[in-house]
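Q: Sequence:
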Amino acid sequence: MAVSLGTRISGLLVVGAVAVTVAAFTGDGRGRPDSGGGGSSIVTAGPSHGATPPSPTPRQSPAGEASSTALPSDRGHTRTVTPSPSNRPLLSPAWLPPGPVSPNADTTPDPPSVYDHLRDPGQCRSALKLIPTASTAPEWRLLHALATACLAVQGRGGNWDTAAREYAVLAGTADTCKGRAAYAVLGGLLDFHRQHPGTTVQLTPPSGGTPACTYRIAGVETGGDGKAQPDDTITIELRGTFFAPAELLRFGTVFIAGQQTVGPPVLRSQTGDTLVLTAVVPSQAGLGGTLCGQAAAFRGAGNCATSHDGAADDHTADVIVRYGNTEARLKNALTVVAPSVVTSPPPEAPSGTPQGMLPLSPLPAHPARP
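Using my numbering, you'd call the opening residue of the sequence shown number 1217 and step up by one each time.
Just to be clear, a hint being listed does not mean it is correct.
Unchecked claim - DEER-style ranges, computed between Cβ atoms: (1) Asp1322 x Val1482: 43 to 51 Å; (2) Thr1451 x Ser1308: 15 to 23 Å; (3) Thr1430 x Arg1372: 30 to 38 Å; (4) Gly1338 x Glu1437: 39 to 47 Å; (5) Thr1430 x Ser1499: 45 to 53 Å.
Just so you know, the hints here were simulated from the structure itself, not pulled from any lab data.
Source: prediction; values computed, not measured.
Note that beta-carbon positions come from the ideal geometry of N, C-alpha and C, so glycine has one too.
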């Protein structure tokens, strides 16, 4: 009986499949499932607990360069695990920058010196004792709220509600450099508490950095022309003061052209940390060869302060305001000139007969004797 072509092809396919199967399980014996040898071409699904497979060879790009596919790490490499956000350590909120430190010559607690006390976050409780609780002054209320928040964020007591209420009420009232720094730090503590309620941290004062106040002489006014004579009154504008103004008026000194003024400076006005002072140019300001210039060598030092030779006597002078171990200096702040003195004309020769003297007249002629 004739066999169809399709039947023959099917038979050949069956025979070929059987041959492939027999070859896979006979060979050198390494392909048997129970064999201990390696190199099997059979792929087993699921995790393997055997030896680590060799690293695959990176594919080559058409240009001949290795592909950017990341390769498995070496066997001895330890994988770095990135901590989740919940496991990362929290950064401590920023604390008060340096003032600088107020000299506080009278040792009386005032807002600038209490600010310096608060710079040590471990002293927040003792700082509270220096703040008058009955004071309604914004600067005292701000420091009280800051000390309270300092204790709360470190888990040492305090009151977040009080700090938040004062922060809202005192918005825009800080008008000194230390006050503005304290208000900014208080806001940072409140933000931290809102983001991490119930979390406490250890505050750390910054080491170095930009101070809260930039103390300086902003300008000197002499009356419009930039010149002043000895005994003239000038005004000095200070900005960025980091101490109590009353202390400067008691313990401060002013120097003009190297000479200290008589008495302490006088306060004309105050706006926040800006002070306007008045001082009198010393009568001997710049003497000693500077005020009189080269002309002093010709006319003598005794005439130095009472005569004026114009530009030779004019000189620029620095102004210094000193308090404690700090000072503010403005170089070439003004021009000191010698006072103008009207010189009287020399006396004229006397005319006429001096008083008490008789005028001389010709003597009478005596007749000749016979």
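Q: Look at each hint and say if it fits the structure.
A: Structure-based check of each hint:
Here the CB-CB span from Asp1322 to Val1482 is close to 19 Å, at odds with the stated 43 to 51 Å. Between Thr1451 and Ser1308 the beta carbons are some 45 Å apart, a value that contradicts the proposed interval 15 to 23 Å. Hint check: Thr1430 to Arg1372, Cβ distance near 33 Å, so the stated range 30 to 38 Å holds. Between Gly1338 and Glu1437 the CB atoms are about 45 Å apart, so this pair conforms to the stated range of 39 to 47 Å.
For the pair Thr1430 and Ser1499, the beta carbons lie near 34 Å from each other, so the given range of 45 to 53 Å is not met.
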